[in-house]
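Residue strings, one per chain:
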Amino acid sequence: EDQVTQSPEALRLQEGESSSLNCSYTVSGLRGLFWYRQDPGKGPEFLFTLYSAGEEKEKERLKATLTKKESFLHITAPKPEDSATYLCAVKGGGSNYKLTFGKGTLLTVNP
Amino acid sequence: NAGVTQTPKFQVLKTGQSMTLQCAQDMNHEYMSWYRQDPGMGLRLIHYSVGAGITDQGEVPNGYNVSRSTTEDFPLRLLSAAPSQTSVYFCASSTSNQPQHFGDGTRLSIL
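One line per chain: the protein sequences are S and Y, in this order. Here the first sequence stands for residues 1 to 111, where the numbers follow the working numbering. Here the second sequence stands for residues 1 to 111, where the numbers follow the working numbering.
Hints are computed from structural coordinates only; laboratory data are not their basis. Positions of the beta carbon are idealized from the N, C-alpha and C atoms, including for glycine. Just to be clear, a hint being listed does not mean it is correct.
Stated by the list, open to error - A few chain S residues facing chain Y, derived, Cβ under 7 Å:
no. : residue
1   : 31
2   : 34
3   : 42
4   : 44
5   : 46
6   : 49
7   : 51
8   : 94
9   : 96
10  : 101
Pulled out of the complex, with its shape left as it was, chain Y reads as follows (with noise of 0.2 Å):
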């Protein structure tokens, strides 16, 4: 039982390039969610999905865009990445009566 799968681990970019981290669950969770975590400031949210074709954006959205096309995968998308988009960041899954389950996160740093 894998859980919640991130990948790539570990990631370097250059400003402007743009990238997709993937994320993958085989729990059968409707809900999944991308959070960044920088020092000082806690896990964010920036968006989430209550199932399949559904999206929503949570605190921090602005920079990222995120899709839902199956019960399992969840991409976040950078668009043109900005040195503001160095952080860790971690996908959730959950239904609505468990508690969120992590996977071990993307370390990203952009030059």
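Only chain S is shown next, with the shape it has when bound in the complex (with noise of 0.2 Å):
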């Protein structure tokens, strides 16, 4: 069975402090790796899809990366606007389509 556990569970920065997320995982043949990014009331949001070990992507103030065990979502210098639930999930080889979620992590920042 697919896992994800994601933390910290919330996160408080100030402006321009950079930080990261952490998505630890277990899967059985790893097919993406997605970071997602939800708004209060609203979807999930598609950020990133990472594919295997070393992958890097970037986009505006966010950098996702990708190990065996887990991937990382990197902040630099953040700002009021990128306050939201950042999701992590993965797609085992088990299926062309499911996703297994973590549970998110809660990120603020303070202005």
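Got two chains here, each in a separate frame; can you build the complex from them with the hints?
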């Protein structure tokens, strides 16, 4: 059974204070690791897909990295508008489609 | 391009009532799925479909029915609502090599 654990559950940063969110996973045959952002009252919004260890993706102040056991979402010089819940999910070898989600990290960036 | 559309956005039911949550996508995606999101539990898969006429159970299927008569629509039915089904419900769609796209959810309260 695929499992995803995200830490910390909540993170409070000052504007400009860089940090990282962690996603640890166990999966049989990784077919993709996904990062989503979720704003209050909205559905998850896709950010990145990573497929193999060593891969990195960047978008504005966010950079996602992947190892064989975990992924990190690095946030550089965050702004208040980066405040959201960040979700990590994996697609395992048992399905072409199904995702297993972690419980998310609630990020708050104070001005 | 509407993406994934969920209706209604909010609903209050009494215990024992039935209702259908609607989900429609206009991206010609073969895969559609329903999740529920509860505080501290993350996104949990209820039912999914890999094409018209094909459905299967996810992690928490009890109390819910689905059918898929067209590629575009994937309704979720509650036959006899229970307070434990109070939650936020998300529909998502994708192809096998794309990330899942989510609707903005239906917030359901059962009294």
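Hint check results:
1. Hint status for residue 31/S relative to chain Y: violated, with the closest Cβ pair at about 9 Å, above 7 Å.
2. Because the closest C-beta pair between residue 34/S and chain Y is about 6 Å apart, less than 7 Å, the hint holds.
3. Checking residue 42/S against chain Y: minimum C-beta separation of about 5 Å stays under 7 Å; hint holds.
4. Here the hint on residue 44/S is kept, as its CB sits about 5 Å from the closest CB of chain Y, short of 7 Å.
5. The closest approach between the C-beta of residue 46/S and any C-beta of chain Y is roughly 4 Å, which is under the 7 Å cut-off, so the hint is satisfied.
6. Restraint check, residue 49/S versus chain Y: the minimum CB separation of about 6 Å is within 7 Å; hint holds.
7. Interface restraint check for residue 51/S: the shortest CB-CB distance to chain Y comes to about 11 Å, outside 7 Å, so the restraint is violated.
8. With its C-beta approaching chain Y no nearer than about 12 Å, residue 94/S sits outside the 7 Å limit, and its interface hint is violated.
9. The beta carbon of residue 96/S comes within 4 Å of a beta carbon in chain Y, closer than 7 Å, and the hint placing it at the interface holds.
10. Checking residue 101/S against chain Y: minimum C-beta separation of about 4 Å stays under 7 Å; hint holds.
Of the numbered hints stated above, those contradicted by the structure are hints 1, 7, 8, listed in ascending order.
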